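K.L.:
Here are the chains, one letter per residue:
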Amino acid sequence: GAVVSQHPSWVICKSGTSVKIECRSLDFQATTMFWYRQFPKQSLMLMATSNEGSKATYEQGVEKDKFLINHASLTLSTLTVTSAHPEDSSFYICSARVSSANNEQFFGPGTRLTVL
Amino acid sequence: QKEVEQNSGPLSVPEGAIASLNCTYSDRVSQSFFWYRQYSGKSPELIMSIYSNGDKEDGRFTAQLNKASQYVSLLIRDSQPSDSATYLCAVSLATGGFKTIFGAGTRLFVKA
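Chains A and B supply the protein sequences, listed in that same order. Residue 11 in this note's numbering sits at position 11 of the first sequence, and the numbers go up by one each step. When you read off a place in the second sequence, starting at 1, and then add 1000, the result is the number in this note's numbering.
Check before you lean on any hint, since a few could be wrong.
Here are the simulated distance ranges between beta carbons [unchecked claim]: (1) A:N70 - B:R1077: 43 to 53 Å; (2) A:E87 - B:K1099: 17 to 27 Å; (3) B:S1069 - A:E52: 36 to 46 Å; (4) A:P8 - B:E1057: 18 to 28 Å; (5) B:F1109 - A:I12: 23 to 33 Å.
With a straight-line cut-off of 30 Å between C-alpha atoms, the simulated DSS-like cross-links for lysine-lysine are [as the list claims (entries may be wrong)]: (6) A:K41 - A:K64; (7) A:K41 - B:K1042; (8) B:K1042 - A:K14; (9) A:K20 - B:K1042; (10) A:K64 - B:K1042; (11) A:K64 - B:K1099; (12) B:K1099 - A:K41; (13) A:K55 - B:K1042; (14) B:K1099 - B:K1067.
Honestly, the hints are just simulated from the structure, not real lab data. Remember, it's a predicted structure, so these values are computed and weren't measured experimentally. Glycine residues also receive a C-beta, built at the ideal position from the N, C-alpha and C atoms.
Same shape as in the complex, but just chain A (with noise of 0.2 Å):
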């Protein structure tokens, strides 16, 4: 299958500061990235939609100005969590979709955020 990337696989930072996720495509082009959040025990939430070279469509209830996301390539998407607070803290997984025919999504091994 695909391989996508993440990086950091986990961060901890101080309540106010901000904390940017890469995702990446390795082996393919990306042109539509979704990043989602799952807090412990609890099923993927998706975040958004990016997509290269526009603006991302994010869910009902999610604020784009505090989840920052820019798909300025075909293989790298970046997700920026502005003023993190303890809330914040979960665990972030992107995924990229391979092709639009077959809709396969594939993820990346995640990022766990933690917000002291």
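Fit chain B to the supplied structure of chain A, relying on the hints for placement.
P.N.:
Positioned in the frame of chain A, the structure of chain B alone reads:
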């Protein structure tokens, strides 16, 4: 009604048995159906994709799709303790930019 529904489990089966995981979806014109496996603390891993009615087999896994009943299932034959994980059913809608909707997942325990 949730768009993709799964029994949360846990589903417990003995080693070597067949594990049967079920999923129903609400969008009648959905086109693509997926099963992901997620180990605790890890991200989901795609294990099966199915696009047309019937069965699709891949090793110990068989996905079954019935569009008339809006039902998709995953059978795991000869279950192993290493199959213990949460299994997520996902459905790509025919509208809204082909967004993929995930079920909440079914936790499977395979007892040695």
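K.L.:
So, for every hint listed, does it hold in this structure?
P.N.:
The hints, checked one at a time:
1. Take N70 of chain A and R1077 of chain B: their Cβ atoms lie about 44 Å apart, and the range 43 to 53 Å holds.
2. Checked against the hint of 17 to 27 Å, the C-beta distance between E87 of chain A and K1099 of chain B comes to roughly 26 Å, which is consistent with it.
3. Look at S1069 of chain B against E52 of chain A: about 37 Å separates their beta carbons, and that is inside 36 to 46 Å.
4. The supplied range of 18 to 28 Å is broken by P8 of chain A and E1057 of chain B, whose beta-carbon atoms lie about 39 Å from each other.
5. For F1109 of chain B and I12 of chain A, the hinted distance range of 23 to 33 Å is satisfied, since their beta carbons lie about 32 Å from each other.
6. Distance hint between K41 of chain A and K64 of chain A is fulfilled; the C-alpha atoms sit about 25 Å from each other, no more than 30 Å.
7. Among the hinted pairs, K41 of chain A with K1042 of chain B is consistent with the structure: their alpha-carbon atoms are about 12 Å apart, no more than 30 Å.
8. Straight-line distance between C-alpha atoms of K1042 of chain B and K14 of chain A comes to about 24 Å, which keeps the hinted pair within the 30 Å bound.
9. Among the hinted pairs, K20 of chain A with K1042 of chain B is consistent with the structure: their alpha-carbon atoms are about 20 Å apart, no more than 30 Å.
10. At roughly 26 Å between alpha-carbon atoms, K64 of chain A and K1042 of chain B fall within 30 Å of each other, so this suggested pair holds.
11. For the suggested pair K64 of chain A and K1099 of chain B, the alpha carbons sit about 19 Å apart, so the restraint of at most 30 Å is met.
12. Distance check on the hinted pair: K1099 of chain B and K41 of chain A sit about 23 Å apart at the alpha-carbon level, within 30 Å; holds.
13. This hinted pair checks out: K55 of chain A and K1042 of chain B have alpha carbons roughly 28 Å apart, not beyond 30 Å.
14. As the CA atoms of K1099 of chain B and K1067 of chain B are separated by approximately 18 Å, the hinted pair is consistent with the 30 Å bound.
When the structure is compared with the earlier hints, a violation turns up for hint 4 alone.
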